[in-house]
Amino acid sequence: MFNRRLVGIFLYSLGICVASIGATKLPAEGSTWSDILYVFNDGVILTIVGLVIWRLAPIEQKEEETENKRTALQLIRDIQPILDDLYRNVDDLECYQIQEYVNILRAQYLMPLEQLRSRIISDKGLEKTAELLIAMSYGERIINRIHSAALDGHHDEAVECTEEAHAAFKEVFELTVRVWKFENKAV
Amino acid sequence: MNSSNQYRELTFSAVFLGIIQGVILNIAFVYAALTLGFSIGGSTVAAIIGYGLLRGVMKKGTIVENNINQTIASGINTAGTGVVFTLPALFMLDAKMRADTGIGLLEEEGNWLPLLGSIMLGGVAGSILGVILIIPLRKQMIALDRLRFPSGVAVAEILKTGGTSLIKFRLLLIGVVVSGVWKLVLATGLVDRPGLLMNDELNISFGMIPDQFAPVLYLSLMNVAAGLLSGKGGIPFFIGGVLAWWIISPMAVQFGWIDPTSLSQLAEFREGSIANGTEVFGLLHGSMIRPLGIGTLIGGALMGVVAAFPAIKSAFISLASAAKSNSVGSNIGGDELSLNVVIGGGIFAVAVFFMASYMTPGVTFGQAVISATVGTIWLGVAGLIVAQATGMTDISPMSGMALISVTLMMFLLNNNVAAAMVVGVAVCVAIGQGADMMQDLKTGFLVGARPIKQQMIQFCVTWIGSIVAVAVIYIIWSSGPNGANGFGPGTSFPAPQAGALMGIVDGVVNGNIPIDKYMMGGTIGVLLGAAPASGLGALVGLAMYLPFSITLGYGVGCFMNMALIKRYGREIYDSKLVPIAAGLIVGEALMGVGYTIFQILMDSNAQASVLIHAFGGVYV
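Those protein sequences? They're chains A and B, same order as listed.
Following my numbering from start to finish, the first sequence increments by one per residue and tops out at 195.
Following my numbering from start to finish, the second sequence increments by one per residue and tops out at 1141.
These are computed hints drawn from the structure, not numbers from a lab.
Among the hints, erroneous ones may be present.
[Unchecked claim] Here are the simulated DSSO-like pairs of lysine-lysine, each with C-alpha atoms no more than 27 Å apart in a straight line:
1. A:K136 x A:K178
2. A:K132 x B:K689
3. B:K753 x B:K1087
4. B:K689 x B:K580
5. A:K178 x B:K974
6. B:K689 x B:K753
7. B:K689 x B:K1087
8. B:K753 x A:K136
9. B:K581 x B:K753
Given these sequences and hints, build the entire structure.
Put into structure tokens, the structure is as follows:
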């Protein structure tokens, strides 16, 4: 058995190379197209064939991606208690402690989530996940604002933003559940 | 501790400082671009000055307030870049035509003011449209595509300097010093060796690798740092360079499309740019690969729009629904200017664009309608291309877009050079503005700024830059003998970019346009954009458009990132790589600006060829 995805990528890459070489030659004086236009056309056809094979191949890999999908879900689920904790205690925390919380959130949840972003899109499609990813990005920006406010020593702003980030990630969780059509208890 | 209602963001101090800095940087960079042909963004400089004044002197500035300051300053400055790449060509063309045929572009010699009025209006329309374009695209490029915007990341590190950890601050400082010193050594030519190292470029052929493989490395640490920040995401850019210079170029030589006597010149190379100076590079890159790259860039970006349509639709829905709901969802959309403002501003800007075209001598009502309509559509496409290219690599292919704009408009407007140039100015200002705004929004994202405040203030002040730049260019032109020819070949302002654009206009008038390359490149770009890999078309196109020396240096940075993350884990990116890379970008930018100003002050007749790499080469 051969790997259809690799075959698709190989044909696609080869087609792009052939088409590019065919497109490079300068046309003769007075002509619009060079005398090797057929090479370019052949390259385009090869590219399209490779692209179709490449595009169709991921369907065979559904099972393999289930693990990654769960990881994204777990990250979004697991960030909730940390944010709950920060939300409950933020009034009593010093600015440097708030920064430490944010550093943990970034390193352990937000950065790994960012890396899984393309997998989320490829798994569910941009149409279904755009709203979720925008909400996630909004929540991340507000967390960045908590960090800036804490760095500036503006405790009250950090507290207000924590409330905002907490609500934002609640929505992220709801959207995630909706996207994967899971019940809360199943996630 | 400070109280929340005093958390400063959009303040009078930030706006005032931003405008003052923006105007000063605009004048300085217009002056420098006329001398050298390159310009750079002013975000870094503005952020550092803002840090010193808002936080150091006033003692009450905040990170997000400084973000507003640098957003304004770089916005005003960047508008000048768009004007200086195009407008000087108009002055020079008029002088050339008058010298050749006795008839210039103007009915009355020296009566520039009516036409400059149109150009200013075009620049204002372009500034506003550039900002409007970016509002719905912010979510796609920053929230969904997560483009790197290396300079935006660097500026965010500057803004957080002092409040961040001491280790990160030291790393940033080390980067600044290393890059600054390295830039100074290269710019002064201390280590230049003919045939080996010239103008920041190292010949790595070792006397064995043939010229057609482009064995030249651009020694800019800023370039490497951009790759360092991009990592795996930047590899398609490197692959594009490999395709152009290790596959297409040797094949072209193998098949005899290049004169074999022009090969193997690198070893004897004695002056100018190693990467662009030899015949083989000139022919292969200038006539074959670069035009193909422009086509690929456009095709790839257009396909990118199609692929990202769900995201763009979602962004518009989010903007439209912002005012209708009180849920968290409303905050998500409500953090940006509303769709009504975007539409209203767009209509206003297109009307100004129409007026600018209609006021241009020789333009009919119908041509003005075509000019405003097609110009706006093209401006949107070009803005998207440049914003994507900047987001992925930090390099803005502005001159390529200016070339297409003027070519397209001359074709549509019956070879009316002045009218085409009005559109060219509007497009260049808009795309520069869009790319700069996106960098600033990335910075804002990283420091948690409210995008609505950045967009609102940029909306209000962005027009200033075009007007200042037009005025400065006119003053310099009028400073020549008999109130003309203040810049151009043989003067202390050679204006190399304008000279290149003038050559293109000449080519269009004579019907010499590489249509085949644009069409076939566009097809290749569409095919690359259709692949299940984000931004492939734009990245490969950009790599073909640029000399391989830049792509190679950038690739080195990408591979270093991947190797370090593999060895030390993902954590090293945020804790070490970002501050070091930010420092490298900032150090080179500061030294480039400082050294250039020093050179201009010391020697107003400095040769552009000697200095051409003194800048980071952000706009090419």
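Here is what the structure says about each hint:
Restraint check for K136 of chain A and K178 of chain A: satisfied, since their Cα atoms lie roughly 18 Å apart, inside the 27 Å limit. The hinted pair formed by K132 of chain A and K689 of chain B fails the criterion: a straight-line CA distance of about 38 Å is larger than 27 Å. Simply put, K753 of chain B and K1087 of chain B have alpha-carbon atoms about 11 Å apart, close enough for the 27 Å limit, and the pair holds. A distance of roughly 22 Å separates the Cα atoms of K689 of chain B and K580 of chain B; the hinted pair therefore holds under the 27 Å criterion.
Annotation: proposed proximity of K178 of chain A to K974 of chain B holds, straight-line Cα distance about 25 Å (limit 27 Å). With a C-alpha separation of about 23 Å, the suggested pairing of K689 of chain B with K753 of chain B holds against the 27 Å cut-off. For a cut-off of 27 Å, the pair hint linking K689 of chain B to K1087 of chain B stands: about 21 Å separates their Cα positions. Of the pairs offered as hints, the one joining K753 of chain B and K136 of chain A holds, with about 26 Å between alpha carbons and a cut-off of 27 Å not exceeded.
The hinted pair formed by K581 of chain B and K753 of chain B fails the criterion: a straight-line CA distance of about 40 Å is larger than 27 Å.
Of the numbered hints stated above, those contradicted by the structure are hints 2, 9, listed in ascending order.
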